[in-house]
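There are 2 protein chains.
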Amino acid sequence: MKFSERVRALQSSPVRRLLPYAEEARAKGKKIYPLNIGQPDIKTPPSFLEAIRGFSQEVIAYATSQGNNDLRDAMSAYYKNFDIPLEREDLIVTNGGSEALMFAFMAMCDPGDEVLIPEPFYANYNAFSGAVNVKVQPITTKAEEGFHLPPREEIESLITPKTKGILVANPGNPTGTIYTREEMDMLAALALKHDLYIVADEVYREFVYDGLKYTSFGHLPDIADRVIIVDSVSKRYSACGARIGCIGCRNRDFMAQVLKLAQGRLCVPTLEQVGATALYSTPKSYLEEVNKEYQSRRNTLYKALQEMPGVICAEPKGAFYVMVKLPVDDAEKFIIWMLQNFDVNGETLMAAGGEGFYATPGLGKQEFRLAYVLKNEDLLKAMNILKVGLEAYPGRIEPAVAR
Amino acid sequence: MKFSERVRALQSSPVRRLLPYAEEARAKGKKIYPLNIGQPDIKTPPSFLEAIRGFSQEVIAYATSQGNNDLRDAMSAYYKNFDIPLEREDLIVTNGGSEALMFAFMAMCDPGDEVLIPEPFYANYNAFSGAVNVKVQPITTKAEEGFHLPPREEIESLITPKTKGILVANPGNPTGTIYTREEMDMLAALALKHDLYIVADEVYREFVYDGLKYTSFGHLPDIADRVIIVDSVSKRYSACGARIGCIGCRNRDFMAQVLKLAQGRLCVPTLEQVGATALYSTPKSYLEEVNKEYQSRRNTLYKALQEMPGVICAEPKGAFYVMVKLPVDDAEKFIIWMLQNFDVNGETLMAAGGEGFYATPGLGKQEFRLAYVLKNEDLLKAMNILKVGLEAYPGRIEPAVAR
Numbered sequence: 303m304k305f306s307e308r309v310r311a312l313q314s315s316p317v318r319r320l321l322p323y324a325e326e327a328r329a330k331g332k333k334i335y336p337l338n339i340g341q342p343d344i345k346t347p348p349s350f351l352e353a354i355r356g357f358s359q360e361v362i363a364y365a366t367s368q369g370n371n372d373l374r375d376a377m378s379a380y381y382k383n384f385d386i387p388l389e390r391e392d393l394i395v396t397n398g399g400s401e402a403l404m405f406a407f408m409a410m411c412d413p414g415d416e417v418l419i420p421e422p423f424y425a426n427y428n429a430f431s432g433a434v435n436v437k438v439q440p441i442t443t444k445a446e447e448g449f450h451l452p453p454r455e456e457i458e459s460l461i462t463p464k465t466k467g468i469l470v471a472n473p474g475n476p477t478g479t480i481y482t483r484e485e486m487d488m489l490a491a492l493a494l495k496h497d498l499y500i501v502a503d504e505v506y507r508e509f510v511y512d513g514l515k516y517t518s519f520g521h522l523p524d525i526a527d528r529v530i531i532v533d534s535v536s537k538r539y540s541a542c543g544a545r546i547g548c549i550g551c552r553n554r555d556f557m558a559q560v561l562k563l564a565q566g567r568l569c570v571p572t573l574e575q576v577g578a579t580a581l582y583s584t585p586k587s588y589l590e591e592v593n594k595e596y597q598s599r600r601n602t603l604y605k606a607l608q609e610m611p612g613v614i615c616a617e618p619k620g621a622f623y624v625m626v627k628l629p630v631d632d633a634e635k636f637i638i639w640m641l642q643n644f645d646v647n648g649e650t651l652m653a654a655g656g657e658g659f660y661a662t663p664g665l666g667k668q669e670f671r672l673a674y675v676l677k678n679e680d681l682l683k684a685m686n687i688l689k690v691g692l693e694a695y696p697g698r699i700e701p702a703v704a705r
Numbered sequence: 303m304k305f306s307e308r309v310r311a312l313q314s315s316p317v318r319r320l321l322p323y324a325e326e327a328r329a330k331g332k333k334i335y336p337l338n339i340g341q342p343d344i345k346t347p348p349s350f351l352e353a354i355r356g357f358s359q360e361v362i363a364y365a366t367s368q369g370n371n372d373l374r375d376a377m378s379a380y381y382k383n384f385d386i387p388l389e390r391e392d393l394i395v396t397n398g399g400s401e402a403l404m405f406a407f408m409a410m411c412d413p414g415d416e417v418l419i420p421e422p423f424y425a426n427y428n429a430f431s432g433a434v435n436v437k438v439q440p441i442t443t444k445a446e447e448g449f450h451l452p453p454r455e456e457i458e459s460l461i462t463p464k465t466k467g468i469l470v471a472n473p474g475n476p477t478g479t480i481y482t483r484e485e486m487d488m489l490a491a492l493a494l495k496h497d498l499y500i501v502a503d504e505v506y507r508e509f510v511y512d513g514l515k516y517t518s519f520g521h522l523p524d525i526a527d528r529v530i531i532v533d534s535v536s537k538r539y540s541a542c543g544a545r546i547g548c549i550g551c552r553n554r555d556f557m558a559q560v561l562k563l564a565q566g567r568l569c570v571p572t573l574e575q576v577g578a579t580a581l582y583s584t585p586k587s588y589l590e591e592v593n594k595e596y597q598s599r600r601n602t603l604y605k606a607l608q609e610m611p612g613v614i615c616a617e618p619k620g621a622f623y624v625m626v627k628l629p630v631d632d633a634e635k636f637i638i639w640m641l642q643n644f645d646v647n648g649e650t651l652m653a654a655g656g657e658g659f660y661a662t663p664g665l666g667k668q669e670f671r672l673a674y675v676l677k678n679e680d681l682l683k684a685m686n687i688l689k690v691g692l693e694a695y696p697g698r699i700e701p702a703v704a705r
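Protein chains in written order, with our numbering: chain A, 303 to 705; chain B, 303 to 705.
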């Protein structure tokens, strides 16, 4: 039997495709520090389960396609608190940020259309776009420049008549980069000039460090009718398994188009919406403590990485990832070697290979992404394992070459 | 701002787009019998909520992309009990049957490819296919023939080099038709001859009446590598709001392709999987009682419809819908008129307009779909309202014309 070209062209998830090696290592009794996946160890606010436990209807019925009013009202209040003017009617609840991204691609683009995305980017952008035949046009950014954007001319030269939008994650995954207001204004100007949407993936909105001021694309009034906010409770409330997200846009005609897609899949789970509504009442102190914890972890990780010879990374300013350039022949080979052939006192670590975060072939081969989703004590142990592992790895190449 | 052609071409859901008229009528104090949507009134087995209430992990974490092993094992056992040999590895858990259908379309078809579907069909097939640029080639079936398939030559004449599969719902929604073994063998022979997939939407597998023998496409060994089973707990366990379904195929290479799509959206909600696992232990007596109840409702509805002058319908043999041809100018106009301008003692009813269930333009204009998801007493009241409404409707046309 044949398969479609679009599905054959999809890569396996770089975050998930090494899981068999990890399972094998675990079966041999190795302990693995899982820095490959953005699964936080932070407790989900108990209000989530409490609200669900309190659900007492006897029929688990369909919800509305746009999502529960209670939940959309709670989301709207949350945005207004952030000075992002999104009303209930500007929001549709989705199966995680994932579905919101999928809807955005489908509503903006026909097959063959293009979307600009700064690379390295969240690997699943490739999956969403590929599945619906949208071409990703990468805007290459570099660790040495903190993964900030290249000059306007360079970005503008990538725009073609097929370009329908610019997708930016801010704070960035896997880079941890926070865009400056100037960068955002530059993208906004390009969007206006070339009639493009801006898809703003802001699921890490609260994860901004060093007292940096955060600007949402929802704060820019000139482009309000072309900004599509993609969001999720997954990271904010450590509720990745709830799969509740939303798509928000002040352009009601756009939302009417998205509603047709939402109606096609009927609705998002009824109970998860009940739980998520409760999450939006989580006290601010929870988010502040989580922020403090991640900032501390970021410090731990970044300090340890800086001290490793031949390792290059930019200090992440947000989210909870760091993209690391390693003095190795192939970062994915190195990860597999760490799982199969290496340990320190029976312990090793797992990361996500870098190539999957790039659209440009060849880029990211020497990089991997670490998610600092473990407590400091474990991160320190993991970083020691990495240091010793890099020294012992047979495919190590000299730092000068790595640079 | 512009939108994609693919999203502009999507119709609003015929089942959901009349909701504003219903809300307006309710606001005026009218009681509405909701026969428009397949939302059963049957109680969800309490094991669903009990299992979820017992969930005690402190972090609501991601599940695996393919779905929990417990749930896939429960599904596999369920299929084996039906003599459908699907192992855990042949199954991926999805966000309802909806996502399973979407995955099937994407894995089979590139943009411009075609899928044959007997019409009238579940209206969302249009949404799924349109969103991913797959062309639906309808196989027209008729109420007068019980919506059974036309001769093989007629179907074969619709197959082109672009045809990648045949999608059949069995039992059928909105028709209630159960295909005979001969019809299924005929489709299987066509699939083998023309190298096509068969996507079998069997979410109503237990809803078969009059002691009819039910054959699943999973029972046909010759085409096991090309049968894609689409399934869901929604109707079986009256758990529509759980959004748990699955895609199953014994072709492991095909499932490896689907896994890439599943990885792209990370996972299905963790708690819903816990609840759904419990559902699969529901005693057989629950399903038997539900079957009996629906059969009785079918009898009630069909008898009442037969007694209405000018009304044509085939006796549904499965699922819980009936497609009805009415002596009216336009069935959707009639439904709106019933909501806006008509009532019997303050009560009216709602149905889903027929056109949305057809791909051939113009077909279904005089038809609507009724879902018999209410108890007999309410169905009788609703049928009386329909009878009186049809007599009073200004757009009534003579039965002879309707035929």
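No lab work stands behind these hints: they were computed from the structure. For clarity, every value in this text was computed on a predicted model and none was experimentally measured. One thing to keep in mind: the hints can contain errors.
Pairs involving identical chains hold if they fit within one copy or between any two copies, as the list cannot separate such chains.
Stated by the list, open to error - Each computed DMTMM-like pair below joins lysine to aspartate or glutamate, with the alpha-carbon atoms no more than 25 Å apart:
{"id": "1", "residue 1": "Lys594", "residue 2": "Asp512"}
{"id": "2", "residue 1": "Lys667", "residue 2": "Glu700"}
{"id": "3", "residue 1": "Lys689", "residue 2": "Glu591"}
{"id": "4", "residue 1": "Lys683", "residue 2": "Glu360"}
Checked hints:
1. In the homo-oligomer, the alpha carbons of Lys594 and Asp512 lie at most 25 Å apart inside one protomer (10 Å), although the nearest pairing across protomers, at 65 Å, exceeds that limit.
2. In the homo-oligomer, the alpha carbons of Lys667 and Glu700 lie at most 25 Å apart inside one protomer (15 Å), although the nearest pairing across protomers, at 73 Å, exceeds that limit.
3. Proximity of Lys689 and Glu591 under a CA criterion of 25 Å is satisfied in neither setting, with 30 Å inside one chain copy and 64 Å between copies.
4. In the homo-oligomer, the alpha carbons of Lys683 and Glu360 lie at most 25 Å apart only across protomers (24 Å), although the nearest pairing inside one protomer, at 49 Å, exceeds that limit.
Checked against the numbered hints given earlier, the structure breaks only hint 3 and satisfies all the rest.
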